[in-house]
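Visitor: Chain by chain, the residues:
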Amino acid sequence: MKLKRAATPIRESTLPKCPTGIAGFDEITLGGLPRGRPSLICGGAGCGKTLFGIEFLARGAQEFGEPGVCISFEETSEDLAQNAISLGFDLKALERANQLVIDYIHIDKSEIAETGEYDLEGLFIRIGSAIDSVGAKRVLLDTPEALFGGLSDEGVLRSELRRLFRWLKDKGVTAAITGEKGGGTLTRHGIEEYISDCVVLLDHRLQSGVVTRRMRILKYRGSMHGTNEYPFLISQNGISVLPVTSLGLSHKISDDRISSGIAGLDEMLEGSGFYRGSSILVSGTAGTGKTSIAAHVANAACSRGEACLFFSFEESPDQILRNMRSIGIDLGRWIKKGLLHIHSTRPTTHGLELHLVEMHNLLEEYKPQVVIVDPLSSLITGSGENATDLTNMLLRIIDRLKQLGTTGFFTSLTSGGRAIEATEVNISSLVDTWLLLRDVESDGERNRVLYVLKSRGMAHSNQLREFLMTKNGVELREAYLGPAGVLTGSARLAQEAREREEESRLTRENEDRRLALRRKLHAAEAQILALEAEREAAALELKTAEIQNEYRRNSALTRRSEMARSRKVNSPSKTSRPQVREAGV
Amino acid sequence: MATRRDSNGIPEYDLRLYVAGQTPRSVQAFANLTKICEEHLAGRYRIEVIDLLEHPQLAKGDQILAIPTLVRTLPEPIRKIIGDLSNKDRVLVGLDLRSAAK
Chain A
1 MKLKRAATPI RESTLPKCPT GIAGFDEITL GGLPRGRPSL ICGGAGCGKT
51 LFGIEFLARG AQEFGEPGVC ISFEETSEDL AQNAISLGFD LKALERANQL
101 VIDYIHIDKS EIAETGEYDL EGLFIRIGSA IDSVGAKRVL LDTPEALFGG
151 LSDEGVLRSE LRRLFRWLKD KGVTAAITGE KGGGTLTRHG IEEYISDCVV
201 LLDHRLQSGV VTRRMRILKY RGSMHGTNEY PFLISQNGIS VLPVTSLGLS
251 HKISDDRISS GIAGLDEMLE GSGFYRGSSI LVSGTAGTGK TSIAAHVANA
301 ACSRGEACLF FSFEESPDQI LRNMRSIGID LGRWIKKGLL HIHSTRPTTH
351 GLELHLVEMH NLLEEYKPQV VIVDPLSSLI TGSGENATDL TNMLLRIIDR
401 LKQLGTTGFF TSLTSGGRAI EATEVNISSL VDTWLLLRDV ESDGERNRVL
451 YVLKSRGMAH SNQLREFLMT KNGVELREAY LGPAGVLTGS ARLAQEARER
501 EEESRLTREN EDRRLALRRK LHAAEAQILA LEAEREAAAL ELKTAEIQNE
551 YRRNSALTRR SEMARSRKVN SPSKTSRPQV REAGV
Chain B
1001 MATRRDSNGI PEYDLRLYVA GQTPRSVQAF ANLTKICEEH LAGRYRIEVI
1051 DLLEHPQLAK GDQILAIPTL VRTLPEPIRK IIGDLSNKDR VLVGLDLRSA
1101 AK
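Keeping their order, the protein sequence lines are chains A and B. According to our numbering, the residues represented by the first sequence are 1 to 585, in order. According to our numbering, the residues represented by the second sequence are 1001 to 1102, in order.
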């Protein structure tokens, strides 16, 4: 038992698959269609079944070296070739290169009478000879259900179709069989009963005038597969299914910080800005400056030499350039340098999935470090999708960006009358940093304030800051708290003026005090000088007195010795001298 | 292609029978066909039997799917009858021979 269980995943991975080369499809199916088995591609009229099959064949021949056979029951080979050119495939050239055989099988009930028993061996022979003529590995049957319109014996047809699919399997070719959706069943005549290995359901839905194409792997025997509905797109490069393998939370994260381009905002985010590769949402009501902040982010990215991709759903590139010049941001130079690419489309031009596929393609093309979407919310109104669809799709875009390590900057318009903390698209839980812009109405004016509602992984400021648009870009001002709340605009200016006055009053007082003290100091110094002079004078006087005294004593001695000499006395002179000095002092 | 006629102005029939190998059904179809032709088209018909196992590429030209298939190439328009031709009346209708028989 244990051995068996261990063997299961190995068998899973060894189920041979046949890569279709269709962008995204091979990811969903973990490798492609089941090799050597028939698969059913079904869906309503115009959903892209035939194109899917043609691309499967053409890419097989071009990219995987597997020749193919196309058995068409509905379109002539000329029509098919013509249609395929619009997808970028030259079927005629492939036919000339012996990589492809297109056989148009036509059956017209009006020229056929049925009598007695028959089988479809002729069909088998035709397919078989087509396969053998190029050594085909892939077969497209588009769509064998057309036979039901040409032959009346349904019992024979059913058993023959069943035999055909088994026969294809025995031949070892990978077959794609298309079928048109019928009421209540996957195909009109229920041929899904006979093709049970892999069923791909294509669908296109009209919502508010916009078509969304979707694909779902209904069943894939013996293999894991993505089970969701995936939007897909038919473009000049064929079918692309939205890459969805990115769905997951295993992306690498970065500790790197990048500046928002607004000094005040960086300050609120620990002084160093956003995390690289994070998703940032700016939401706010109309005219709160969302695009201006986005322009700052773009400008900062390009200044660092990084590539930036700007998706604009409201303004043309020129309009953005002009408007941003008015607040002192010259984005034009970055476009010239090739760092900035502005992609402007109306949200209504095509369905949501096309927008997203287009984003994916541009991401591939430009490999930007920073992506700006301005605004997300217009996608929802333009596409006619409901908010849940949009949330799902944005989740995919955000995941894709995270996987690429690209910083995503989204703006979102909050319409009036709703909770300001609610975004239209409910993606707030998906983003890492959420900045909120708000109008504050007071004293007959409207002013903008900005605050950081959340920012994962950093100690962000909890302050409300006033947000000013100046000639030199966006500036954030410290907001004043007044008795009625946050002061903005002229109320803030008045407060600032009051503070300036107070400041200058204090400065003046201070100056006075300083002068007074200095005067006191000067007075003391003058006093010291006077005393010094007095001292010097006294010292001089003293010295004079001493000199006079000495002189007097000397002259007294002289006089005395002269007297002694005159008295002829010599010996007692020494004893008498101190007495004389004492007397002299 | 114009309709080929014999000296009496009656159209001649070119018939092709597509088969895949000597299956009982093919043999049956050929037998039924020759019998009908001998009865109704004696002397003014030709039958060509094409075995698709030997010439698979020929299936494309006449848009052959079902086996056996009888194709009336002449007189025009082209008519196809599929099956083992066991229902004689339907074969006659299919070949527009109902009127010719009278």
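These aren't lab readings, by the way, just hints derived from the structure by calculation. Glycine included, each C-beta is placed from N, C-alpha and C at the ideal position. Check each hint, because a few of them may be wrong.
Pulled a few chain B residues facing chain A out of the computed Cβ check, cut under 10 Å [claimed, not checked]: (1) 1022; (2) 1032; (3) 1049; (4) 1052; (5) 1064; (6) 1068; (7) 1082.
Here are the simulated lysine-lysine pairs, DSSO-like style, with alpha carbons at most 27 Å apart [claimed, not checked]: (8) A/181 - B/1035; (9) B/1035 - A/109; (10) A/337 - A/181; (11) A/219 - A/181; (12) B/1060 - A/169.
Visitor: Now tell me, hint by hint, if it's right for this structure.
Guide: Results for each hint:
With a cut of 10 Å, the hint placing residue 1022 of chain B at the interface with chain A is violated, because the nearest CB-to-CB distance is about 13 Å. A least Cβ separation of about 8 Å between residue 1032 of chain B and chain A falls short of the 10 Å threshold, and the interface hint therefore holds. For the restraint placing residue 1049 of chain B at the interface with chain A, the shortest Cβ-Cβ distance is roughly 14 Å, beyond the 10 Å limit, so the hint is violated. Because the beta carbon of residue 1052 of chain B sits about 5 Å from the nearest beta carbon in chain A, less than 10 Å, this interface hint is met.
Of the supplied interface hints, the one on residue 1064 of chain B holds, with its beta-carbon coming within about 4 Å of a beta-carbon of chain A, less than 10 Å. The interface hint given for residue 1068 of chain B holds, since its Cβ lies 6 Å from the closest Cβ of chain A, which is under the 10 Å cut-off. Taken as an interface hint, residue 1082 of chain B checks out: its beta carbon lies about 5 Å from the nearest beta carbon of chain A, inside 10 Å. Distance check on the hinted pair: residue 181 of chain A and residue 1035 of chain B sit about 45 Å apart at the alpha-carbon level, beyond 27 Å; violated.
With a C-alpha separation of about 26 Å, the suggested pair residue 1035 of chain B and residue 109 of chain A falls inside the 27 Å cut-off, and the hint holds. For a cut-off of 27 Å, the pair hint linking residue 337 of chain A to residue 181 of chain A is broken: about 51 Å separates their Cα positions. With a C-alpha separation of about 16 Å, the suggested pairing of residue 219 of chain A with residue 181 of chain A holds against the 27 Å cut-off. In summary, the hint linking residue 1060 of chain B to residue 169 of chain A is supported, as the alpha carbons are separated by about 23 Å, within the 27 Å threshold.
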